[in-house]
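Residues per chain, in single letters:
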Amino acid sequence: MSKEKFDYFIKGEKGKYEVVIGLEVHAQVLSKSKLFSGSSTKFGADPNNQVSLIDSAFPGMLPVINEECIKQAVRTGHGLNAKINNYSVFDRKNYFYADLPQGYQISQYKNPIVGEGKVLLDMPYGSKEIGIERLHLEQDAGKSIHDMDPSNTYVDLNRSGIALMEIVSKPDLRSPDEVNAYIKKLRSIMRYLGTCDGNMQEGSLRADVNVSVRKEGDTNFGTRCEIKNVNSIKFMQMAIEYEAARQVELIENGKKIDQETRLFDTKKNETRSMRSKEDAHDYRYFPDPDLLPLKLEQKLIDDLKKSLPELPDKKKERFVKEYGLNAYEANVLVSEKEISDYYEEVAKLSDKKLAATWMMGDLFAMLNDRGLDISKSPISAKHFAELVQAIKSGEISGRIAKEVFEIMVESGDNPKKIIESKGMKQQSDPKELEKMINEILSKNKDKVDQYKAGKEKLFGFFVGQVMKLSGGKANPQLTNEILKKLLKG
Amino acid sequence: MSLDKEKIKHVAKLARISVDEAKVESLTKDLNSIFKFIEQLNELNTDKVEPLTSILNQSLRSRKDEISDGKIREKILKNSPKENEEFFVVPKVVE
Chain B
1 MSKEKFDYFI KGEKGKYEVV IGLEVHAQVL SKSKLFSGSS TKFGADPNNQ
51 VSLIDSAFPG MLPVINEECI KQAVRTGHGL NAKINNYSVF DRKNYFYADL
101 PQGYQISQYK NPIVGEGKVL LDMPYGSKEI GIERLHLEQD AGKSIHDMDP
151 SNTYVDLNRS GIALMEIVSK PDLRSPDEVN AYIKKLRSIM RYLGTCDGNM
201 QEGSLRADVN VSVRKEGDTN FGTRCEIKNV NSIKFMQMAI EYEAARQVEL
251 IENGKKIDQE TRLFDTKKNE TRSMRSKEDA HDYRYFPDPD LLPLKLEQKL
301 IDDLKKSLPE LPDKKKERFV KEYGLNAYEA NVLVSEKEIS DYYEEVAKLS
351 DKKLAATWMM GDLFAMLNDR GLDISKSPIS AKHFAELVQA IKSGEISGRI
401 AKEVFEIMVE SGDNPKKIIE SKGMKQQSDP KELEKMINEI LSKNKDKVDQ
451 YKAGKEKLFG FFVGQVMKLS GGKANPQLTN EILKKLLKG
Chain W
1001 MSLDKEKIKH VAKLARISVD EAKVESLTKD LNSIFKFIEQ LNELNTDKVE
1051 PLTSILNQSL RSRKDEISDG KIREKILKNS PKENEEFFVV PKVVE
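From first to last, the protein sequence lines stand for chains B and W. 151 is the number that my numbering gives to position 151 of the first sequence; each next residue is one higher, with no gaps. 1095 is the number that my numbering gives to position 95 of the second sequence; each next residue is one higher, with no gaps.
These are calculated hints, taken from the structure and not from any lab test. Beta carbons are placed, not taken as given, at the ideal position from N, Cα and C, and that holds for glycine. Check the hints yourself; a few may be wrong.
[As the list claims (entries may be wrong)] Output of the computed footprint for chain B on chain W, the stretches with three or more beta carbons under 8 Å from beta carbons of chain B:
id: 1; region: 1057 to 1063
id: 2; region: 1066 to 1074
id: 3; region: 1079 to 1087
[As the list claims (entries may be wrong)] Selected chain W positions facing chain B (Cβ under 7 Å, derived; list incomplete):
id: 4; residue: Arg1016
id: 5; residue: Lys1048
id: 6; residue: Ser1054
id: 7; residue: Val1090
id: 8; residue: Val1093
Use the sequences and the hints to build the structure in full.
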């Protein structure tokens, strides 16, 4: 595979501009209860039914940290090849908003639980390392609903106090494609680890996007703008494209870029200034007097590292080595843990390479059509492996296999039963085939003569007749061989 | 460090405290004298002293990940500025 060259620049009248992007990803921690209270974190409950006196900031309540959330943050830190800090501190980040009853968010400012790390991306132009600046734990806010009443805002605090991991990247990303790859990689790592479900529709994964531009070749960063709370990869990409073009236009017209917080309007496909956030950077952080510093024993950190599952990068390497897949196939099959589990179950019972081809072809297409995750596949890994083996052994042809596949999807039956009951078995007995072919040749003497006289195109006609007579079940390879032999004679 | 009137108004706004214009002058004076006192502490050399975040020499206490709270909506919503069975209702805040 030839490697493409990186080529994402904004073209202005006065030259090319490079886009510099950094992401602050907010990932909801998978835990049963909230970061500092015992309320449930389950999504979709009745409004305000998963709220304790702590989450709603009643006076005199004291936060007590959830030990599982600490472990989840450490696991994620390991997954990002990051330094885990033995000492970290919780601070109050002060701002005023209706869905933040405390008037401050408990977060980590100077001393986060996880320090620098890195993530590897597979880009068409090679692998690229993206630096991680830090990961810290913080509380999520509640949810404001603006469209239920013309003059009021409704607030649901079910989300208030759920643990978030804020993962801050270094400004190492250079294009919307790299942002796409980065988010997918983070999501994949966290799903493997079981630390975040990565469900963007439900808001378990969202990001603030920092964008700046600079002339190609410049080494200093330009002034950046922060686009708040974008909740899908597509919107992130659209927001970056719009924002980069806006900044280039300002520069080319000799204007200054204000460092500010902006909002992406998904309907108008544009970013605009959030004037209400003028004071947004005046958070007056200070250590939360209700919480002592968090000290982690080195043994806990090491034990968590030992108990990590195999992560996508390692699994990809193994798939190439163990199953003889190419890098592209391995990449696709490790992208989700459930996909890789399914593949490994199939590969154990059937031909490894053929299994990959059929999974990435017909199985993925069918799941895609039906909008299903692989965990909901109507075909079990065991049945799928039997189908692959039936193809590999020559019991059925690839064409018949597609029919069997369709029936498997509809009925959930195993392929053996389908092949037998419908008489779909490939005819691979040379004697039987020879008998059938002889019959066809004697019926079409004129065409045989034409063929022998040099009209070789007629070979396809004979193959077609064999398929017709056998109901598509004749082994194509064998048919070709026998036909050639008999036509020569 | 000293505070001027503008800074006082800004801090009051961030803290959501409404300050009478007539009081700004005296508040500025009071706060500046408090700052002056605090700044005296800077005379001490603390280069080799770790900042003290707590007087208790312990680490953070933690709890198990169990659901032990919630389902008290009625109690919680008693503090809502306006009546509603399901939500807190506040004046419209929209971006």
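Consistency of the hints with the structure:
Coverage of the region 1057 to 1063 of chain W by chain B holds in this model, with 6 residues showing a Cβ closer than 8 Å to a Cβ of that chain against a need of three. With 8 residues having a beta carbon nearer than 8 Å to a beta carbon of chain B, the region 1066 to 1074 of chain W meets the requirement of three or more and the stated coverage holds. Chain B is given as covering the region 1079 to 1087 of chain W, and this holds because 5 residues of the stretch bring a CB closer than 8 Å to a CB of that chain, at least three being needed. Proximity of W:Arg1016 to chain B holds as hinted, the smallest CB-CB distance being about 6 Å (cut-off 7 Å).
Here the hint on W:Lys1048 is broken, as its CB sits about 18 Å from the closest CB of chain B, past 7 Å. Taking 7 Å as the C-beta contact cut-off toward chain B, the hint placing W:Ser1054 at the interface holds, the least distance being around 5 Å. Given the 7 Å rule on beta carbons, the hint for W:Val1090 holds: about 5 Å separates it from the nearest Cβ of chain B. For W:Val1093, the shortest C-beta to C-beta distance to chain B is roughly 5 Å, which falls under 7 Å, so the interface hint holds.
Checked against the numbered hints above, the structure breaks only hint 5 and satisfies the rest.
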